[in-house]
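**Student:** Which chain is which? The protein sequence lines are E and U, in order.
Quick note: the first sequence uses the working numbering, first residue 13, plus one each step.
Quick note: the second sequence uses the working numbering, first residue 206, plus one each step.
Derived from the structure by calculation, the hints contain no laboratory data.
For each residue, glycine too, the CB sits at the ideal point set by N, CA and C.
Check each hint, because a few of them may be wrong.
[As the list claims (entries may be wrong)] Across the chosen pairs, the derived CB separations fall in these ranges:
(1) U:308 to E:14: 54 to 64 angstroms
(2) E:66 to U:395: 29 to 39 angstroms
(3) U:446 to E:49: 30 to 40 angstroms
(4) U:308 to E:199: 55 to 65 angstroms
(5) U:293 to E:66: 18 to 28 angstroms
(6) U:234 to E:136: 32 to 42 angstroms
(7) U:407 to E:66: 43 to 53 angstroms
(8) U:387 to E:188: 46 to 56 angstroms
(9) E:133 to U:231: 35 to 45 angstroms
[Claimed, not checked] Taking lysine-lysine pairs in the DSS-like style, the calculated list, with each CA pair at most 30 angstroms apart, reads:
(10) E:135 to U:219
(11) E:77 to E:221
(12) U:289 to E:137
(13) E:39 to U:450
(14) U:211 to E:105
(15) U:208 to E:39
(16) U:271 to U:450
(17) U:211 to E:77
(18) U:271 to E:24
(19) U:208 to E:77
(20) U:219 to E:109
(21) U:377 to E:24
(22) U:450 to U:289
(23) E:136 to U:207
(24) U:211 to E:109
(25) U:450 to E:24
(26) U:450 to E:139
(27) E:137 to U:219
(28) E:120 to U:219
(29) E:137 to U:377
(30) U:219 to E:139
(31) U:271 to E:105
(32) U:207 to E:120
(33) E:120 to E:109
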Amino acid sequence: MNGIELKDISKKYKNVQALSHVNLCFKENTIYGLLGRNGAGKSTLLNIINNRVLADNGTVTLNGKTATENTEVLHNFFLTNEQNLYPEGMKVKDAFKWSSEFYPGFDKDYAEKLCNLFQLSHKKKIKRLSTGYQTIFRNIVALSVNVPYVFLDEPVLGLDAYHRDLFYKILIEKYAENPFTIVISTHLIEEISNVIENVIIIKNGEIIKNDSRDEILKAGYCISGISSAVDGYISGKQVIGTEILGGLKTAYILGQPETNIPDNLSISGMDLQKFFIQLTNS
Amino acid sequence: MKKMLKYQIIDLSKSFGVYFCVIIALTIAGISFSLSVTSSDININFNGTGFSSVILTFVMGICMYKEHYLMALQNGISRKSFYKSSLCVISLFCLICSIFDTLFVITAEFFIERFSSSFQILNILQLIYLDFFNGKGTFTMLFTNLLFTFTITIMSAALGLLISAVFCRIPKKYRTMYVIALPIFCCSILPMSFVWFPDFCSRASDVFFAILGLKDGAINPFIGCLSMSATFIILSICTYLLLRKTEI
Numbered sequence: 013m014n015g016i017e018l019k020d021i022s023k024k025y026k027n028v029q030a031l032s033h034v035n036l037c038f039k040e041n042t043i044y045g046l047l048g049r050n051g052a053g054k055s056t057l058l059n060i061i062n063n064r065v066l067a068d069n070g071t072v073t074l075n076g077k078t079a080t081e082n083t084e085v086l087h088n089f090f091l092t093n094e095q096n097l098y099p100e101g102m103k104v105k106d107a108f109k110w111s112s113e114f115y116p117g118f119d120k121d122y123a124e125k126l127c128n129l130f131q132l133s134h135k136k137k138i139k140r141l142s143t144g145y146q147t148i149f150r151n152i153v154a155l156s157v158n159v160p161y162v163f164l165d166e167p168v169l170g171l172d173a174y175h176r177d178l179f180y181k182i183l184i185e186k187y188a189e190n191p192f193t194i195v196i197s198t199h200l201i202e203e204i205s206n207v208i209e210n211v212i213i214i215k216n217g218e219i220i221k222n223d224s225r226d227e228i229l230k231a232g233y234c235i236s237g238i239s240s241a242v243d244g245y246i247s248g249k250q251v252i253g254t255e256i257l258g259g260l261k262t263a264y265i266l267g268q269p270e271t272n273i274p275d276n277l278s279i280s281g282m283d284l285q286k287f288f289i290q291l292t293n294s
Numbered sequence: 206m207k208k209m210l211k212y213q214i215i216d217l218s219k220s221f222g223v224y225f226c227v228i229i230a231l232t233i234a235g236i237s238f239s240l241s242v243t244s245s246d247i248n249i250n251f252n253g254t255g256f257s258s259v260i261l262t263f264v265m266g267i268c269m270y271k272e273h274y275l276m277a278l279q280n281g282i283s284r285k286s287f288y289k290s291s292l293c294v295i296s297l298f299c300l301i302c303s304i305f306d307t308l309f310v311i312t313a314e315f316f317i318e319r320f321s322s323s324f325q326i327l328n329i330l331q332l333i334y335l336d337f338f339n340g341k342g343t344f345t346m347l348f349t350n351l352l353f354t355f356t357i358t359i360m361s362a363a364l365g366l367l368i369s370a371v372f373c374r375i376p377k378k379y380r381t382m383y384v385i386a387l388p389i390f391c392c393s394i395l396p397m398s399f400v401w402f403p404d405f406c407s408r409a410s411d412v413f414f415a416i417l418g419l420k421d422g423a424i425n426p427f428i429g430c431l432s433m434s435a436t437f438i439i440l441s442i443c444t445y446l447l448l449r450k451t452e453i
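Pulled out of the complex, with its shape left as it was, chain E reads as follows:
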């Protein structure tokens, strides 16, 4: 099969099972959202794919070739996360220069253009940049490397609303012009819900949902109203969670809604963030 395939990946840190028998595929030219609560194993998963952390067992392959410790395969991947792995004394422009050496597809002009858009001075040293600008710098490199698989771990960490919006716009533009696989790991689910095509939800090191965003949103609905009416409606249905606010209750239900909904109840579509909260809370 074409794409990245993870087979039976497990990783344990002392007493914590970070990942447990994870089987996953990342297809070509798709935008994935990797969602999970803190400590769910998202970063560990991305680090294992990118050979930064070694799995206790299992394999990572790209089009059938092992990725672990394979420079040839690893040059198809690019991961950015909150860690700055560039030398502390390195300037932004030098990082671009070396990125173009390591990744022949690196588009220096595009990187310069993004620097101007984000008002990032390429003469500055990376360590002198603020948290937000360090994130911007890493995102610019990730968007300019032109590799088939880009992994963005918390790509909007420390970014203000304007820069976050600009980043998502550029990401979509880039993807529309030249599709590639993007895996975004973030806690800001509402912001990326319109960007991602596929959703992977990870909980306690296990993949609990891996489906297209549209399928997930179609798979359920919300019903709201006074508590007693909602309780009456949901009996016998597959409820993944409820919220109570005053006398009002909202229930998140899997399945398709009935055609005859009582007048005192209102129905709405499933929201990705709410779906995530209910699924990971249960």
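With the hints as your guide, set chain U onto chain E.
**Tutor:** Structure of chain U alone, referenced to chain E:
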């Protein structure tokens, strides 16, 4: 591996360039000073520039692991490729250091012989194995100096790499203890052990001198070169065993 090799060579060449400039400048300053003074009571000795190369390559080993390893992982270079590249870079720069040291001695002695009698330069080899060169020709001395400086610097770089590799592998909570304990052990406890355990240390130092080819009556720098080459190989193997499982 070629890309990593290029990056490491360019990155380190700046530091080595500065180092060579400093050594040359200091030597020129020393010769100039010795030429400017007329008193015959003043003698200037410039000894063991090779030792500064040993320190430099040791620091290079430490820094290389920290910065270049992370850069390698960021840019999709496997640990094995990074290791191979690092060994090539270490060998290259140690060779440059030994050539520089040898050329430096030749050039400096050439000028000293002609212009200044109050300035003297002794290289690392002459300092340790002075007796070996009695009656030996200049070519033997230069070739031995080249080989000896190369082996001692490469061993030093491998030691730096290993110290850094251990640092990256040990749990974070023990790292501070490690960086404090290591110099204390090397600079205080190890020398003091000669006072605490004189018999044992005397025997250990006899073995140490023997493997360095400094045993009385059998002074031979080639034995030292062989021992240091073997040490380099052992240190490099240990570093690889640590490196292949190192995570960020």
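**Student:** Give a verdict on every hint.
**Tutor:** Each hint tested on the structure:
In this structure, residue 308 of chain U and residue 14 of chain E meet the distance hint of 54 to 64 angstroms, their C-beta atoms being roughly 56 angstroms apart. Hint check: residue 66 of chain E to residue 395 of chain U, Cβ distance near 35 angstroms, so the stated range 29 to 39 angstroms holds. Separation of residue 446 of chain U from residue 49 of chain E is about 37 angstroms and conforms to the stated range, judged on CB atoms against 30 to 40 angstroms. At about 60 angstroms, the beta-carbon gap between residue 308 of chain U and residue 199 of chain E stays in the expected band of 55 to 65 angstroms.
At about 24 angstroms, the beta-carbon gap between residue 293 of chain U and residue 66 of chain E stays in the expected band of 18 to 28 angstroms. Checked against the hint of 32 to 42 angstroms, the C-beta distance between residue 234 of chain U and residue 136 of chain E comes to roughly 37 angstroms, which is consistent with it. At about 46 angstroms, the CB distance of residue 407 of chain U to residue 66 of chain E agrees with the hint of 43 to 53 angstroms. At about 54 angstroms, the beta-carbon gap between residue 387 of chain U and residue 188 of chain E stays in the expected band of 46 to 56 angstroms.
Taking 35 to 45 angstroms as the suggested C-beta distance range, the pair residue 133 of chain E and residue 231 of chain U conforms, at roughly 38 angstroms. For a cut-off of 30 angstroms, the pair hint linking residue 135 of chain E to residue 219 of chain U stands: about 19 angstroms separates their Cα positions. Among the hinted pairs, residue 77 of chain E with residue 221 of chain E is consistent with the structure: their alpha-carbon atoms are about 26 angstroms apart, no more than 30 angstroms. Straight-line distance between C-alpha atoms of residue 289 of chain U and residue 137 of chain E comes to about 29 angstroms, which keeps the hinted pair within the 30 angstroms bound.
Using a Cα cut-off of 30 angstroms, the hinted pair residue 39 of chain E and residue 450 of chain U holds, with the two alpha carbons roughly 29 angstroms apart. The straight-line distance between the Cα atoms of residue 211 of chain U and residue 105 of chain E is roughly 17 angstroms, inside the 30 angstroms bound, and the hint therefore holds. Taking the CA atoms of residue 208 of chain U and residue 39 of chain E, the gap is about 29 angstroms. The hint holds against a cut of 30 angstroms. The suggested pairing of residue 271 of chain U with residue 450 of chain U holds, with an alpha-carbon distance near 15 angstroms, which does not exceed 30 angstroms.
The straight-line distance between the Cα atoms of residue 211 of chain U and residue 77 of chain E is roughly 27 angstroms, inside the 30 angstroms bound, and the hint therefore holds. Between residue 271 of chain U and residue 24 of chain E the CA atoms are separated by roughly 25 angstroms; this keeps the pair inside 30 angstroms, and the hint holds. Using a Cα cut-off of 30 angstroms, the hinted pair residue 208 of chain U and residue 77 of chain E holds, with the two alpha carbons roughly 22 angstroms apart. Of the supplied pair hints, the one linking residue 219 of chain U and residue 109 of chain E holds, its CA atoms being roughly 17 angstroms apart against a limit of 30 angstroms.
Proximity of residue 377 of chain U to residue 24 of chain E is assessed by CA-CA distance (about 17 angstroms); at most 30 angstroms being required, the pair is judged to hold. Between the alpha carbons of residue 450 of chain U and residue 289 of chain U the distance comes to roughly 15 angstroms, so the proposed pair stays at or under 30 angstroms and holds. Taking the CA atoms of residue 136 of chain E and residue 207 of chain U, the gap is near 28 angstroms; set against the 30 angstroms cutoff, the hint holds. For the given pair, residue 211 of chain U sits about 12 angstroms from residue 109 of chain E by alpha-carbon distance, which is consistent with the 30 angstroms threshold.
The straight-line distance between the Cα atoms of residue 450 of chain U and residue 24 of chain E is roughly 14 angstroms, inside the 30 angstroms bound, and the hint therefore holds. For the hint linking residue 450 of chain U to residue 139 of chain E, the alpha-carbon distance of about 28 angstroms falls within 30 angstroms, and the restraint holds. Straight-line distance between C-alpha atoms of residue 137 of chain E and residue 219 of chain U comes to about 17 angstroms, which keeps the hinted pair within the 30 angstroms bound. A C-alpha spacing of about 24 angstroms is found between residue 120 of chain E and residue 219 of chain U, which places the hinted pair at or below 30 angstroms, so the restraint holds.
Under the criterion of a C-alpha separation no larger than 30 angstroms, the hint pairing residue 137 of chain E with residue 377 of chain U is consistent with the structure, at around 27 angstroms. Distance check on the hinted pair: residue 219 of chain U and residue 139 of chain E sit about 20 angstroms apart at the alpha-carbon level, within 30 angstroms; holds. At roughly 21 angstroms between alpha-carbon atoms, residue 271 of chain U and residue 105 of chain E fall within 30 angstroms of each other, so this suggested pair holds. As the CA atoms of residue 207 of chain U and residue 120 of chain E are separated by approximately 21 angstroms, the hinted pair is consistent with the 30 angstroms bound.
Restraint check for residue 120 of chain E and residue 109 of chain E: satisfied, since their Cα atoms lie roughly 8 angstroms apart, inside the 30 angstroms limit.
Every hint from the earlier list agrees with this structure, and none is contradicted.
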